[in-house]
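The residues making up each chain are set out below.
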Amino acid sequence: MSPADHQPFQAGFDEIRKAAATRQRAFAEAPVPRIHIGMATCGIASGALETKAAFEQALARHGIDARIHTVGCIGHCYAEPFVIIDHPESGFPPIFYPEVNAGKANMLTKLFLAEGDPRFEHILGATEENDMIPWIGEFSRFNQEKRVVMEKCGHIDPEDIYEYIAAGGYETLPDMFRRSPKEIIQQINDAGLRGRGGAGFATGLKWELAADQPGDAKRVICNADEGDPGAYMDRTILESNPHQVLEGLIACAYAVGAHKAIIYVRAEYPLAVRTITKAIRQASELGLIGNDILGSSFDLDIEVFHGSGAFVCGEETALIRSIEGFRGMPRHRPPYPVERGLWGTPTVINNVKTLASVAPILKNGAAWYRKIGTDNSPGTAIFSIVGDVVHPGLIEIPMGVSLRTLIFDICGGIPNKKKFKAVQIGGPSGGCLPEEFLDTPIDFDSLTEAGAMMGSGGMVVMNEDTCTVDISRYFLDFTQKESCGKCTFCRIGTYHLLTILERITEGKGSPADLKNLAQLSQDIKNGSLCGLGKTAPNPVVTSLRYFKEDYEAHVSEKRCPGMMCRPLIAFYIDLEKCARGCDACVGCCPVEAVFTTRNRKKGIDQSLCVKCGECMVACPPEYDAVRKVSPPELAPIIERPAEPLKDEK
Amino acid sequence: MVTLSVDASKIEIAAGTNLLAACLQNDIYVPNLCYIEGMDHPPASCRLCFVEIEGKDAPVPACTVEVRHDMAVRTDTPGVRRLQKTALQLLLSVHDVDCKNCPANRNCALQDMAKFLKIALKSKHLDLFLKKSKIDLGHPFLEYYPNRCVLCGRCIYVCRAQQAHTQLTFAKRGFDTVIGFFGNPQSSPPSCDTCRACAEACPVAALLPKP
Ligand SMILES: Cc1cc2nc3c(=O)[nH]c(=O)nc-3n(C[C@H](O)[C@H](O)[C@H](O)COP(=O)(O)O)c2cc1C
Ligand code: SF4
Ligand code: SF4
Ligand code: FES
Chain B
1 MSPADHQPFQ AGFDEIRKAA ATRQRAFAEA PVPRIHIGMA TCGIASGALE TKAAFEQALA
61 RHGIDARIHT VGCIGHCYAE PFVIIDHPES GFPPIFYPEV NAGKANMLTK LFLAEGDPRF
121 EHILGATEEN DMIPWIGEFS RFNQEKRVVM EKCGHIDPED IYEYIAAGGY ETLPDMFRRS
181 PKEIIQQIND AGLRGRGGAG FATGLKWELA ADQPGDAKRV ICNADEGDPG AYMDRTILES
241 NPHQVLEGLI ACAYAVGAHK AIIYVRAEYP LAVRTITKAI RQASELGLIG NDILGSSFDL
301 DIEVFHGSGA FVCGEETALI RSIEGFRGMP RHRPPYPVER GLWGTPTVIN NVKTLASVAP
361 ILKNGAAWYR KIGTDNSPGT AIFSIVGDVV HPGLIEIPMG VSLRTLIFDI CGGIPNKKKF
421 KAVQIGGPSG GCLPEEFLDT PIDFDSLTEA GAMMGSGGMV VMNEDTCTVD ISRYFLDFTQ
481 KESCGKCTFC RIGTYHLLTI LERITEGKGS PADLKNLAQL SQDIKNGSLC GLGKTAPNPV
541 VTSLRYFKED YEAHVSEKRC PGMMCRPLIA FYIDLEKCAR GCDACVGCCP VEAVFTTRNR
601 KKGIDQSLCV KCGECMVACP PEYDAVRKVS PPELAPIIER PAEPLKDEK
Chain E
1001 MVTLSVDASK IEIAAGTNLL AACLQNDIYV PNLCYIEGMD HPPASCRLCF VEIEGKDAPV
1061 PACTVEVRHD MAVRTDTPGV RRLQKTALQL LLSVHDVDCK NCPANRNCAL QDMAKFLKIA
1121 LKSKHLDLFL KKSKIDLGHP FLEYYPNRCV LCGRCIYVCR AQQAHTQLTF AKRGFDTVIG
1181 FFGNPQSSPP SCDTCRACAE ACPVAALLPK P
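Chain order of the listed sequences is B and E. At position 254 of the first sequence (counting the first as 1) the number is 254 in my numbering, and the numbers step up by one without a gap. In my numbering, each number is its position in the second sequence, counted from 1, plus 1000.
Any given hint might turn out to be false.
Stated by the list, open to error - With a Cα cut of at most 27 Å, we get these calculated BS3-like pairs of lysine-lysine:
hint, chain 1, residue 1, chain 2, residue 2
1, E, K1124, B, K548
2, E, K1131, B, K558
3, E, K1115, B, K525
4, B, K481, E, K1122
5, B, K508, E, K1124
6, E, K1056, B, K525
7, B, K525, E, K1100
8, E, K1172, B, K515
9, E, K1131, E, K1100
10, E, K1172, B, K481
11, B, K515, E, K1115
12, E, K1172, B, K525
Don't read these hints as lab results, they were simulated from the structure.
Kindly generate the complete structure, drawing on both the sequences and the hints.
Here it is in structure tokens:
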């Protein structure tokens, strides 16, 4: 008699696990090479579909029997499309190749798979320790990460539930059903899990509040609306490992006593919609969702709701209104959704990352989770880091790591020998922090204290050629357009902020504008109804606080220190450096502003120039003759000869 | 019944009453635009009815609070007034202040509040932004003036209470938000012709029955 017979709900699950293990063994033990290709949206956008097709054709051409294994995103955007080739017969460990286009796919098939030469010059590293090829586990971009939520992302095929199960997935369910909902909540409380949707609200407490509501007409919702510009963590998780989110959602529903769950995912994420829909179907087929899950008599129905892509619909009360068929406008809280949510029933809304943290906690225990991160912010933080860093991408780190470590060690620092200027954390609701804050630990409370916020985890790193006024203008343009228009401060106030910022970036700002910006920002923060309005001024408030000199330069000197604001800059050609007759700049100028001077060098007609900077890009590095200056008056005036020179005709 | 203090007065009122309603019923004026008595979940969108409540660190809109026993409320603190003035100035910064030619002249919520809060109808430090289209004649029975509208939503609320199918909605987003008629209905229920609830609810003559 196996021990499972004494353990209710275990036998059913063990059968599923056995089936998964059998399939996995067949895959792992097949004596053929395996080619893992990252096929989440990021990979596809970089050409992974072409890469996959190229491998298929090349394999057929060379008559090689190999398995192509489509996986999700591994988080290394700079390396997309990436491929891991596991070719046991060659004697090499599995090898990670970055930026594999169709041509490289052909080449690797021929030279590595057919002839056994791994082409060292194209290798990023090996995915296992060995003594031939450097192991990626030793690279700081890999070894300073701590993967809890994204542990399996990029390693399993998200469209095959058995791969998740073979990797330990859904293991928490039988045990969970043997415990009471209260014990589950207790464990989440003990782990100190805080919501990853932005505000960092205690997840266990939220569940408890909903569980304490009478009746069983309750609902749980996974918030996958993710509308911040530059943020793509939730999409990646849904596309790379949807089942870990489902496992958390099942636990959440069980803990609060809900029998209906909804995944709210924006329709602009077609691949995520497809992956999660398929995952729900597969889990239902195995009886992990539906009626009487694993014989526990617990029923749960999970539906996918397609959001229409308004940023504000990520706000929980607006999200609820939009599911109910109303215009997605936030409502005043209280009542909170846990008291009166969707269709008036108690509703728990949790972020994708929050839910994806649940299964690891149930599996490894609260104490294990507490050991990761800091006292007040246990666990990991996931950031999508973009902008001026060498290795952008998705990164999961323990809370408490400093911004400096994240930007300079893990992401490789600022490219092109440029200096760091600022980092914008938390997207349009977040703040812009200067160098002094680089030693700030990344956790909910420290970031809020500094004036930024965790937000949903978008991070933009900016080098010295950045104008913080223009960055604020960019974010205000976004929040202004995405405001639902309901309340006075946000609808009208953010528009005033935006027009003032526009004025300043055009060099038409006044000292009174700076005062107005500061006061209006304060009132909008205090007066707005929902989080969108309350946080919309943050980019302005922080940049005014930490980069006042940027604003002052625009206002009093009509100068843009980052040289980004077009009305305040000019391009000119340094005659000392210009090579006679090279003409690279002439050809690239879209408005024919570049002319030939009397001594056959080039000049820019400032009255025509649209300041696109194309000439600066086109000028060959050995001449490097195009200069950018601010204010524009610094550009020397070079007369266009009245008569075109002969060779210009 | 509960007793609470609002500024210098003591008020006795039924438990569960909305705080804004309690103040207004007791002749304590708190600026407001979007609240209508009896609302189940007030929209709290105009952001004018701020008050300070002892124990809360920031001003809250009175229309979002139920009275509690022993509550201590202040309606005239500097923090409250600052928010109210800014909110009204913002509304006026998108308002076509042309009182002489406006049917609401002397019977206008904006004029009343400007007088109460002692602010000018034309702001000195905020730019004025008016929408290009001065009037929307898309509805068979109504005319709509976007540059008068304060987007309080009262019209939508009363319409929903009167009609089986609401005729009015918020349309567009952000700064461009306006009241819309779900496209341009050629066939509104004839009851619109006689109902006029929306026009009567409008505090600023932005929705009027067609002459
Ligand atoms: C304007 C706005 C947009 C938001 N967008 C999202 C979002 O895209 N995803 C999300 O999980 N939470 C978003 N939130 C936060 C949600 O309102 C809510 O707090 C969150 O989903 C709760 O989940 P958590 O407790 O797991 O963090 C947004 C909030 C605001 C104010
Ligand atoms: S703060 Fe902005 S998004 Fe939120 S309710 Fe007000 S207008 Fe709508
Ligand atoms: S039309 Fe009148 S009632 Fe309707 S939202 Fe505008 S101001 Fe309010
Ligand atoms: S009356 Fe309270 S916010 Fe409008």
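Against the structure, the hints:
With a C-alpha separation of about 25 Å, the suggested pairing of K1124(E) with K548(B) holds against the 27 Å cut-off. Restraint check for K1131(E) and K558(B): not satisfied, since their Cα atoms lie roughly 31 Å apart, outside the 27 Å limit. Our distance criterion of 27 Å between C-alpha atoms is met by K1115(E) and K525(B), whose separation comes to about 26 Å. For the given pair, K481(B) sits about 26 Å from K1122(E) by alpha-carbon distance, which is consistent with the 27 Å threshold.
Of the pairs offered as hints, the one joining K508(B) and K1124(E) holds, with about 18 Å between alpha carbons and a cut-off of 27 Å not exceeded. For the suggested pair K1056(E) and K525(B), the alpha carbons sit about 16 Å apart, so the restraint of at most 27 Å is met. Note on K525(B) and K1100(E): the hinted pairing is violated, with a Cα-Cα distance of about 35 Å set against a maximum of 27 Å. Proposed proximity of K1172(E) and K515(B) is contradicted: the alpha carbons are some 31 Å apart, above 27 Å.
Among the hinted pairs, K1131(E) with K1100(E) is consistent with the structure: their alpha-carbon atoms are about 20 Å apart, no more than 27 Å. Proposed proximity of K1172(E) and K481(B) is supported: the alpha carbons are some 10 Å apart, at most 27 Å. Using a Cα cut-off of 27 Å, the hinted pair K515(B) and K1115(E) holds, with the two alpha carbons roughly 26 Å apart. Between K1172(E) and K525(B) the alpha-carbon distance is near 23 Å, which keeps this suggested pair within the 27 Å criterion.
Hint compliance for this structure: hints 2, 7 and 8 are not met, and every other hint is.
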